[in-house]
Amino acid sequence: MNILQDSINRLHRWFGYFETWIIIILMTFVIGFGLVQIILRNVFSTGLVWGDMFLKQAVLWICLLGAARAAAEDKHIHIDLLPRLLPEKLCMIVKIITNAMSVIVCAILAYSSWEFVKNDRLAGDMAFASIPLWWLELVFPFCFALMTIRFTGSMISALTQCREGIGK
Amino acid sequence: MTLLITICFLVLMISGSPLFVVISAATIYCFYLLGVDLSVVVIEMYRLAASPMLIALLLFAFAGFVLAESKASNRLVRLSTALMGWAPGGLAIVSLITCAFFTALTGASGVTIVALGGLMLPALISDRYPEKFSLGLLTTCGSLGLLFPPSLPLIIYAMVADINIAQLFLAGVLPGIIMLILLSLYCMYQGIRSGSAGAHASFSFREIMAAFRESVWEVLLPVVVLGGIFSGYLALSEAATITALYVLLVEVVIQREVKLKDLPSAIMKTVVMVGAIVVILGAALAFNSFLIDQEVPNKILDFMRYHVESKFTFLIILNIFLLGVGCVLNIFSALVIVVPLIIPIAKSYDINLLHLGIIFLTNLQIGYSLPPIGMDLLIASLRFDKSIIYLYIASLPFIAILLLTLVLITFFPSLSLLLIK
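Note that the protein sequences, when read in sequence, are chains E and P. The opening position of the first sequence corresponds to residue 1 in my numbering, with each subsequent residue numbered one higher. The opening position of the second sequence corresponds to residue 1 in my numbering, with each subsequent residue numbered one higher.
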């Protein structure tokens, strides 16, 4: 059990670094590439045709990865009116239910975005150069699956807390 | 049955589920009933990404987070103290101006109260302003400045309503200034009454110059943002890129207050916030496409047409409704959920969409300081360690003034539209 827990924690930390660096690189890229486009357009009256497409995809990636990260940090916008009014024990139960709900919804979204990507793969559109569009769209199912996993994690920790609370 | 399910969703909504989950769940349920492909939520998010405003949202938010990490707030306070500190109610007015400036740049995400509140509260109290007045002032100030460009809620409204952002930026300026003037008058009155008139600093040209020299880079920021957009050289997304670069240049290279190693955390904060907004936007747009498919806006419209004759009555109802929305919903979710429903109705009453936007944002701004979950109240309560009820009572006079401004803004559309022609 402990070894399993350890390796999960290590994986979690390792993935956290990886995720952070991807986001930072994308962000630096969006700002830097944006500047290049502005200079090209205003000074040289030209621009890279695929540039806009490139930027939009990068921003989409950033936003979705951010949303997945928000699930880990419990930073999604929510209204916690009810938990403020309820006693602590009921709160834990509400927390388990809301997390379970999030798990189900994110799993459905992951699945339907996977279907969406599969459709686009058949259409065979190219994003730019020789990169097919559907490669870039994989970020949708990936991020929703990540959110599913993260909400499952919060649900499990709420469950354990709840059991410990009752055990006392 | 429908009623039961609606209630279930509402309970889930207030029980702390992420809003995007609740809205997506409702959308999935509705589309499942209709037998429509569920990937519509994904398609809506994809459509959002195609909008150049998403880049603007991301980069303006980033610039705001970097500014919040720096000591820009201290410099701005020094400058406005030098400019206004000698006047009756001077220091209170200083709070108003710096908060408005700071919120416009950082978005009303509570940063203002955290960054400026802690700085201003001791100063105000040592200047003999009553504690209750000072707390009320700083609490309501947390969302002041929403109407000034390039505030994020303005951008989101323009995104959802699909209107010209540059025009919306202009529309907010005059109403925002009127709001500031009315609040300043109250501060002057309070300053004279509590005998703190001009006690803080005497007028000194030298101090103004010194403070100006120190904060000149931040003061130039609005010029960079607005100049870029209104001169026609830059599109909105490009102006946002330049703003982000400018802020990085000023705070990292010139002022050296934000270290390179602080940037990753600023980036992550930005990305997490914008990501959370984007999933809500996507889910809400998908849900709206269901509502439009079911002709819900038309049904509300028919109902309103039948019961409400004049534009005047409609505007009153709209304001009451929006104040209610503002105090239960976060501003971003309120915008994406309610705006698409209201727009067709407002159009039928011949209300200009720019004017409507300013009405919307003023209402939501006031909602920030209204219980039960006004965000300013929550953050101020955490920051100043006071009960929410006490802060609410302390903010009442300020809320009254803001409501007065709301009436002016609502019934004099020309305030919003004057600068545009």
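In case anyone wonders, no lab produced these hints; they're calculated from the structure. Glycine residues also receive a C-beta, built at the ideal position from the N, C-alpha and C atoms. Incorrect hints may have been included.
Claimed, not checked - Residues from chain E that keep clear of chain P, each with C-beta distances beyond 10 Å, as calculated:
id, residue
1, 3
2, 15
3, 69
4, 81
5, 108
Unchecked claim - Computed Cβ-Cβ distance ranges for the label pairs, DEER-style:
id, chain 1, residue 1, chain 2, residue 2, range
6, P, 299, E, 40, 45 to 51 Å
7, E, 52, P, 292, 26 to 32 Å
8, E, 84, P, 220, 41 to 47 Å
9, P, 299, E, 132, 51 to 57 Å
10, P, 259, E, 40, 40 to 46 Å
11, E, 162, P, 341, 34 to 40 Å
Structure-based check of all given hints:
1. No beta-carbon of chain P is positioned within 10 Å of the beta-carbon of residue 3/E; the least distance is around 30 Å.
2. Its beta-carbon lying about 14 Å from the closest one in chain P, residue 15/E satisfies the requirement of being farther than 10 Å from that chain.
3. The claim that residue 69/E lies off the interface is violated: its Cβ sits roughly 5 Å from the closest Cβ of chain P, which falls inside the 10 Å cut-off.
4. A Cβ of chain P approaches the Cβ of residue 81/E within 10 Å, the least distance being about 4 Å, so the stated non-interface status is violated.
5. With a least CB separation of 6 Å from chain P, residue 108/E falls inside the 10 Å interface cut-off, contrary to its annotation.
6. Against the hinted window of 45 to 51 Å, the Cβ-Cβ separation of residue 299/P and residue 40/E comes to about 50 Å, which satisfies the hint.
7. Evaluation of the 26 to 32 Å hint for residue 52/E and residue 292/P yields a pass: the beta carbon distance comes to about 28 Å.
8. The hinted window of 41 to 47 Å between residue 84/E and residue 220/P holds, with their beta carbons roughly 43 Å apart.
9. About 43 Å separates the C-beta atoms of residue 299/P and residue 132/E, a value inconsistent with the hinted range of 51 to 57 Å.
10. Distance hint for residue 259/P and residue 40/E: a CB-CB separation of about 31 Å, inconsistent with the stated range 40 to 46 Å.
11. Separated by about 39 Å at the C-beta atoms, residue 162/E and residue 341/P satisfy the suggested range of 34 to 40 Å.
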